[in-house]
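Engineer: Put the two chains together into one complex, using the hints given.
What follows is the residue order along each chain.
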Amino acid sequence: MSDKVLLDYGSGGRASQRLISDLFLKYLGNDELDRLNDAAVLDLSGRIAMSTDSFTVDPIFFPGGDIGSLAVHGTVNDVAMMGAVPRYITCGYIIEEGLPMADLERIVQSMGEAAKHAGVKVVTGDTKVVPKGACDKIFINTTGIGEVIADPAPSGDAVLVSGTIGDHGLTVLGTREGLDFEAKVQSDSAALNHLLVKLVRELPEVHVLRDPTRGGLATTLNEITKSSNVCCELTETAIPVRPEVKGGCSILGLDPLYLANEGKFICILPGEYADKALEIMHADPLGQDACRIGTMTDANPGKVVLVTQLGGKRLLGMLEGEQLPRIC
Amino acid sequence: MSFELLEKFRDPDLCRRILDKMESELDRELRFMEVCGTHTVAIFQSGLRSLLPDRIVHLSGPGCPVCVTHESEVNAFLDLAGRDNVILATFGDLMRVPGDKGRNLKKAVADGARVKVVYSPFDTLKLAKENPGDLVVFIGVGFETTAPTIAATMKMAREQGIDNLRILCFHKTVPTALDALLSDEAINIDGFILPGHVSAIIGVKPYDFIAEDYAKSAVVTGFEPLDILQSLNQMIEWRNRGEAHVANNYTRIVGEHGNPKATEIMYEVFAPCDALWRGLGLIPGSGLEIRPEWEQFDAKKQFGIEIKEGPALKGCKCGDILKGVKQPDQCPLFGKACTPANPVGPCMVSTEGSCAAYYKYKLD
Numbered sequence: 001m002s003d004k005v006l007l008d009y010g011s012g013g014r015a016s017q018r019l020i021s022d023l024f025l026k027y028l029g030n031d032e033l034d035r036l037n038d039a040a041v042l043d044l045s046g047r048i049a050m051s052t053d054s055f056t057v058d059p060i061f062f063p064g065g066d067i068g069s070l071a072v073h074g075t076v077n078d079v080a081m082m083g084a085v086p087r088y089i090t091c092g093y094i095i096e097e098g099l100p101m102a103d104l105e106r107i108v109q110s111m112g113e114a115a116k117h118a119g120v121k122v123v124t125g126d127t128k129v130v131p132k133g134a135c136d137k138i139f140i141n142t143t144g145i146g147e148v149i150a151d152p153a154p155s156g157d158a159v160l161v162s163g164t165i166g167d168h169g170l171t172v173l174g175t176r177e178g179l180d181f182e183a184k185v186q187s188d189s190a191a192l193n194h195l196l197v198k199l200v201r202e203l204p205e206v207h208v209l210r211d212p213t214r215g216g217l218a219t220t221l222n223e224i225t226k227s228s229n230v231c232c233e234l235t236e237t238a239i240p241v242r243p244e245v246k247g248g249c250s251i252l253g254l255d256p257l258y259l260a261n262e263g264k265f266i267c268i269l270p271g272e273y274a275d276k277a278l279e280i281m282h283a284d285p286l287g288q289d290a291c292r293i294g295t296m297t298d299a300n301p302g303k304v305v306l307v308t309q310l311g312g313k314r315l316l317g318m319l320e321g322e323q324l325p326r327i328c
Numbered sequence: 001m002s003f004e005l006l007e008k009f010r011d012p013d014l015c016r017r018i019l020d021k022m023e024s025e026l027d028r029e030l031r032f033m034e035v036c037g038t039h040t041v042a043i044f045q046s047g048l049r050s051l052l053p054d055r056i057v058h059l060s061g062p063g064c065p066v067c068v069t070h071e072s073e074v075n076a077f078l079d080l081a082g083r084d085n086v087i088l089a090t091f092g093d094l095m096r097v098p099g100d101k102g103r104n105l106k107k108a109v110a111d112g113a114r115v116k117v118v119y120s121p122f123d124t125l126k127l128a129k130e131n132p133g134d135l136v137v138f139i140g141v142g143f144e145t146t147a148p149t150i151a152a153t154m155k156m157a158r159e160q161g162i163d164n165l166r167i168l169c170f171h172k173t174v175p176t177a178l179d180a181l182l183s184d185e186a187i188n189i190d191g192f193i194l195p196g197h198v199s200a201i202i203g204v205k206p207y208d209f210i211a212e213d214y215a216k217s218a219v220v221t222g223f224e225p226l227d228i229l230q231s232l233n234q235m236i237e238w239r240n241r242g243e244a245h246v247a248n249n250y251t252r253i254v255g256e257h258g259n260p261k262a263t264e265i266m267y268e269v270f271a272p273c274d275a276l277w278r279g280l281g282l283i284p285g286s287g288l289e290i291r292p293e294w295e296q297f298d299a300k301k302q303f304g305i306e307i308k309e310g311p312a313l314k315g316c317k318c319g320d321i322l323k324g325v326k327q328p329d330q331c332p333l334f335g336k337a338c339t340p341a342n343p344v345g346p347c348m349v350s351t352e353g354s355c356a357a358y359y360k361y362k363l364d
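Protein sequence lines correspond, in order, to chains A and B. Note that the working numbering gives residue 8 to position 8 of the first sequence, counting from 1, and the numbers run on in steps of one. Note that the working numbering gives residue 270 to position 270 of the second sequence, counting from 1, and the numbers run on in steps of one.
No wet-lab data here; the hints were simulated from the structure. All values reported here derive from a predicted model rather than from experimental measurement. Any given hint could turn out to be false.
Stated by the list, open to error - Once the Cα atoms are required to be at most 30 Å apart in a straight line, the calculated DSS-like pairs of lysine-lysine come out as:
1. 303/A - 362/B
2. 303/A - 261/B
3. 8/B - 137/A
4. 360/B - 246/A
5. 336/B - 246/A
6. 132/A - 106/B
7. 360/B - 303/A
8. 184/A - 137/A
9. 128/A - 107/B
10. 107/B - 132/A
Isolated chain B, as found in the complex (with noise of 0.2 Å):
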């Protein structure tokens, strides 16, 4: 999309007409959440968090990849990395993500792992070639956005002949964590942003049981302010009919079905299995695991790598803040104990973890 259509989605003058509309309309609090990484940065960096009526809570739920991964999950890797004749290829976001005994792969670089920053999971197949006596070891995290090109760069791995790639799978998927959140008594969520990126593959039907089975609107959303703008509106209409809908306001990227191909693809070598979320603990059915006939692509096996869950970390409300009930400045670690340098919890340990964009981007 070009840059000139962009900006309109960004006027400041309609922008301003439709937060007036929404002030005027509101009749009582809105407590949205955005189950997004890029909806968190997109709502903080554009100012429009500062913009919103008081009476709009914006929370940050399970969206962020990086603050998902289980710790058990990051000491995984770690503790591959630095192993001999293993290379390790990353997305840019997991280098400085902190594990057990103030590991990171950061540090692992400097004591001489070979960590390679991608950009694809496809320039995988070229380090593979290039490094035919190494395994190169793919950091598989993120949710259906990553796994379809994932599944693909496997299937084009096979077609090539290319034996020395491996699938470290720590998939995680959008609706069932959703499903998880709502069925818990505890939180408090009028509607929700959905997210672009994930809809874009998997479409819109997946949520439907947001509003069928929960009586909460939801609306897939795209990043500019008066996409983020038009969805809040949207849900303030409705609430005031005293109706609940599934929508898609993200029509240019996402189509209803979204991309069935990338879908078959991603099905056709994961299976859901059971996850554990950093935060939330097991969700059944949230994950996605390399079926059996893709084995010979599976780090886990190959390593036997188990993921368990820890002791709960003291004194972090990352999990709470995850599902809406506390904002990050109500924790008592944030800022003090916990920083982007010194990361506590999840939410602080990506930059588009919420804790992060609170303290990178929030006035007090």
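Only chain A is shown next, with the shape it has when bound in the complex (with noise of 0.2 Å):
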């Protein structure tokens, strides 16, 4: 094979066939991935839920990861939190011409090892490659599909977060702006789903579980309460955030509380069940920092309030659009 992607490699045609069977099977295959049928046939019971996500984060490589473990990452923890076991994923890959064959097979051997450890099979996939400026160097789709354990359901109970908050968020922004923070801030990038049917199947209620990814943790608690006309009140002091990130987003001007996450989620649940939830969180290494963060409540209907570190109460809202560094 080349040592860059051609134009040639999306054709359909034999350097298609040979990117296929030297890069994608060996990393991805299995029996059903290897048959090459146009469509996969699954075996699936019960209630499904199914989630797409596309992946463009530039760059395509930084610390704790890449785009092709967060493609798998992203859509697994999707599914996963609607009280589903992910089974399978699909890949559709858009690759700008010219990019160096040894990066896309990183890429794929990444993905193949989060969809290992993850427990799901890519089952289909499609390239295509396109002309250069076309697309960013690799744009990854990856579709989920999984089976339900549990109802999501909102309700007045505990919010739980399963460890610190921000950093992949501030990991990738720190990598694509070159800046170098005096401490190393790594993504937390990780498949969840394990961790997330082990507290599904263990314990008697779980009401919503969801991941803080774009727009992070405060977003994400905004749309449950949103959804579900309840108040969140959270506890400033109790959310876990690294003193490097803090300290990273202090000097960019950021809110860690906005900042994406990759391997993180929120538990809502019974109070009473709130510490069996934290003992089996404590005892998975991707759930060792989890700690209780507040409470729903019926105070002020939709919105999320921050009791703040000196007892004072204020809005925590939605963001407008993506954050952007301040003047001064």
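Structural biologist: Dropping the structure here:
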């Protein structure tokens, strides 16, 4: 194969076939994908959760992960957040002509490892190569599908978060801009489905599981409170943020509560099960920093209220768009 | 400064004690104004605003550099976006600022304009070197805080022989604006929380006129809750004794004379000029312009840009809000026609504007 991805590789001809067999099947192959049929035929039962997401992250490699592992984790987590066990994913690649083949191999290998770790099979896929400039290096779409084992239903409960907030968002921003933080930060990108399934199976009731990805903890909690018309009262001092993330955010004028996470989830459940849920999370490496950060109340329906370190109260609203660095 | 040390300035017990003391010593309303977007946000974000005694009225003055950037200045940089061979360089907060006809820099980028968000003006030197066939135009907005680094960037560009960097200079100076505010008979302010960043450059002396000419108090203040409470407490004590003073409580950052090296560089490159402030209009001597000996960098000269007063925004009360005459929620447009997604007036434009902070943080 050429050392760069050429337009030929997306043509459907021999070059495409070589790319599929030498690269994609090598790292992603399984009994279903290996058939190379036009569509995958799957065994599933009961109610099904399905989610799709396109990944365009820049840079494509960052501390703690890359666009390949992220494309698996993001979609697997979205499916798992619905109280489902993710089973299968699809991958669509849009590759910019000229992408180094070594980069593509690294990404596909990373996807294979992430899928294996998450316990999902890549069952069908597609590759397109577009002329230089028509996309930025590589875009990946993944769709995931899984069987539902719990019902999400918001109510007045304990609000837990599975670990520290803002790590991924600050890492990607820092790497993209070439900022060298004194203390190293790294992405938390990870597949959470095993821990989520454990929680749903071992606890009598879990009302909401959501991953605070784009827009961060604040945005996700706002979506939950708005859709369920309850208030979420958060205790600022209880929200776990690494000192190095706090420091980086302070320098850049960003708020970690609005930064993306790719390996964390919010769990809302009846207060009496909060301790048991934390116990389960703490026993898992992906939940060892889990803690209770707030309570659902009836005080300000549809709003998220932050009780600050000083004991004051303020709104924690939705962001207008992406966070932008300030003048001073 | 270490975060451990900063935490001490957020001590909830100490804050509570000062709040109780203020409450017991307040014999009437105290109307204070801060003139720095970072203070506006700090007061809301820390929850301090919800804890202040009822008789303390918090007003946000013209301290957010984005908010006071005149609409004609905004239209000027939007006109430059998308021109052939021009790369605009800017701080991030200007990306969403609306100009006329619904334009903003984000939309300009979507239409193909080359706009680069930078973290420091020094980043423009590299940008200019990497794009020798283009003109890199940096949008210079802000107060005395940002002006010296931009002046230093121009000096370095000259030393390095970089000839494709231009500065669109819309800088403004804080003390002149405060003087204009205080001379307006409509305003009713007991004291000022003075900006920490600006004062780190200019020092304390330029504010002396506040006590000497207007008999009001003003304190240079840091951005942590205890910094702000200490200054408010001091202003209450002075007023109870019938005194007015200008003081510096932010001594861990601000020296009495500021940063003379920075002011020297700033005035080597820039000279005072009249300036239009959004919401406030023309304030004589409140702007900075590029001196003739540095005009090779002057984007206004190169592109023949003139800044002119346009028609007032209908219904918008930002002028009154910046003067402390009205609070954001007293504007008929607030939260209705004017929101952060669709800002009408300057105070809703930037995340540090008083209307935007009200909208974002204030519980009903």
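Engineer: Each hint should be assessed against the structure and marked as holding or not.
Structural biologist: Against the structure, the hints come out as follows:
For the hint pairing residue 303/A with residue 362/B, the CA-to-CA distance comes to about 11 Å; that is within 30 Å, so the pair holds. As the CA atoms of residue 303/A and residue 261/B are separated by approximately 48 Å, the hinted pair breaks the 30 Å bound. Between residue 8/B and residue 137/A, the direct Cα distance comes to roughly 47 Å. Violation of the 30 Å bound is thereby established for this hinted pair. With a C-alpha separation of about 21 Å, the suggested pair residue 360/B and residue 246/A falls inside the 30 Å cut-off, and the hint holds.
For a cut-off of 30 Å, the pair hint linking residue 336/B to residue 246/A is broken: about 34 Å separates their Cα positions. The hinted pair formed by residue 132/A and residue 106/B meets the criterion: a straight-line CA distance of about 24 Å does not exceed 30 Å. With a C-alpha separation of about 11 Å, the suggested pairing of residue 360/B with residue 303/A holds against the 30 Å cut-off. Between residue 184/A and residue 137/A the alpha-carbon distance is near 26 Å, which keeps this suggested pair within the 30 Å criterion.
A distance of roughly 29 Å separates the Cα atoms of residue 128/A and residue 107/B; the hinted pair therefore holds under the 30 Å criterion. Between residue 107/B and residue 132/A the alpha-carbon distance is near 24 Å, which keeps this suggested pair within the 30 Å criterion.
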